[in-house]
Amino acid sequence: MTISVIDSATSMRRVLSARPSDRTALIREMWSPLAGMYHFIPGGVDMATVHRQNFGFDWEAAVEPIQEGLERLVKADAWNRIACALESGTAALRSPTPGIEVPDLQVLLVLGDPSNIHFVDEIQGLSAFGGISGYITITVWPTPQVLERLEAIAVHELHHNVRYSPGGVVWDPATVTVGEQVISEGLADVFAADLFGDSGFTHFVSASTHNDDNVLAKVASGLHITGMQNFTAWVHGDASARLLGAEPVGLPTGAGYAAGIRLVRAYLEATGSTAAQSFATPADEILRVAAPVLDLPLSLED
1 MTISVIDSAT
11 SMRRVLSARP
21 SDRTALIREM
31 WSPLAGMYHF
41 IPGGVDMATV
51 HRQNFGFDWE
61 AAVEPIQEGL
71 ERLVKADAWN
81 RIACALESGT
91 AALRSPTPGI
101 EVPDLQVLLV
111 LGDPSNIHFV
121 DEIQGLSAFG
131 GISGYITITV
141 WPTPQVLERL
151 EAIAVHELHH
161 NVRYSPGGVV
171 WDPATVTVGE
181 QVISEGLADV
191 FAADLFGDSG
201 FTHFVSASTH
211 NDDNVLAKVA
221 SGLHITGMQN
231 FTAWVHGDAS
241 ARLLGAEPVG
251 LPTGAGYAAG
261 IRLVRAYLEA
271 TGSTAAQSFA
281 TPADEILRVA
291 APVLDLPLSL
301 ED
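Just so you know, we're using our numbering here: the sequence shown kicks off at 1 and counts up by one.
Some hints could be false.
[To be verified] Straight-line distance between alpha carbons at most 25 Å, and here's what the computed DMTMM-like set of lysine to aspartate or glutamate pairs gives:
#1 218 / 148
#2 75 / 148
#3 75 / 198
#4 75 / 87
#5 218 / 101
#6 218 / 87
FYI, nobody ran anything at the bench for these hints, they're computed from the structure.
Generate coordinates for the entire structure from the input sequences, incorporating the hints supplied.
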């Protein structure tokens with residue numbers, strides 16, 4: 001397998017130095033290696049729209065803040081660090097499972113929009129996606145915390161990518177459950193923490209959310225819910241749900257991550273397994289072991 005971390009620093013410099021009328025086309029060009037993510041959509045999608053949906057920087061706004069953010073990423077050696085982390089993460093996944101299928105990866109790192117309050121304050125400068133085999137996108141605002149966590153962010157998404165690659169778990173948007181994404185986030189965070197310590201845990205989830213038994217119980221009550229259009233509130237929390245026009249359910253930001261970590265840890269401790277070994281373990285199996293350990297009632301069906 002090959003890991004291609006796209007030279008988006010050069011691409012972003014081209015966008016920022018171009019005439020305003022030329023920038024949209026350059027954004028599309030920067031994102032074009034990831035167009036295959038949307039192979040299932042007839043006619044594809046507008047990759048400039050994808051950039052905006054991922055909290056990407058506003059190419060029509062003032063360029064100075066974005067230029068400053070870009071220089072911070074360059075100074076932090078972000079692209080090389082992500083590539084090295086993905087190599088290390090791949091080795092960690094292959095160690096217990098030598099025959100594991102790790103896809104060739106296209107990886108895009110882009111700057112987010114520092115004027116977007118939800119992006120900067122609620123999810124603290126991070127929006128990443130690795131759920132489609134062969135592709136990882138990482139959108140960040142380079143705060144000290146984000147820069148410290150670049151490796152952990154990358155391997156979190158790698159774990160997702162391998163889980164949903166051939167030989168792993170099949171994600172059907174119509175039938176997939178909240179439980180699957182909650183367990184997936186828990187596995188990915190624990191995997192990142194196994195490699196990088198406490199910085200492996202997604203930083204927009206507060207300590208109080210991690211430790212709140214009421215949050216765990218509330219998330220557990222929704223694990224059976226199907227249809228990924230219903231997931232935002234249960235996994236990312238009410239603030240993200242409101243942003244996307246979904247119904248809040250009474251959960252703080254990152255609730256599904258916090259619950260997922262506790263469920264996954266309970267499973268791993270009970271079975272003696274690791275997050276690397278469990279990359280393709282069905283969520284239902286993990287939940288059936290973990291729920292009694294945590295004294296949670298569990299219904300996996302409506």
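Verification of the hints:
no., hint, result
1, 218 / 148, "31 Å, violated"
2, 75 / 148, "13 Å, holds"
3, 75 / 198, "24 Å, holds"
4, 75 / 87, "21 Å, holds"
5, 218 / 101, "35 Å, violated"
6, 218 / 87, "37 Å, violated"
The structure does not agree with the numbered hints 1, 5 and 6 stated previously, though it agrees with the rest.
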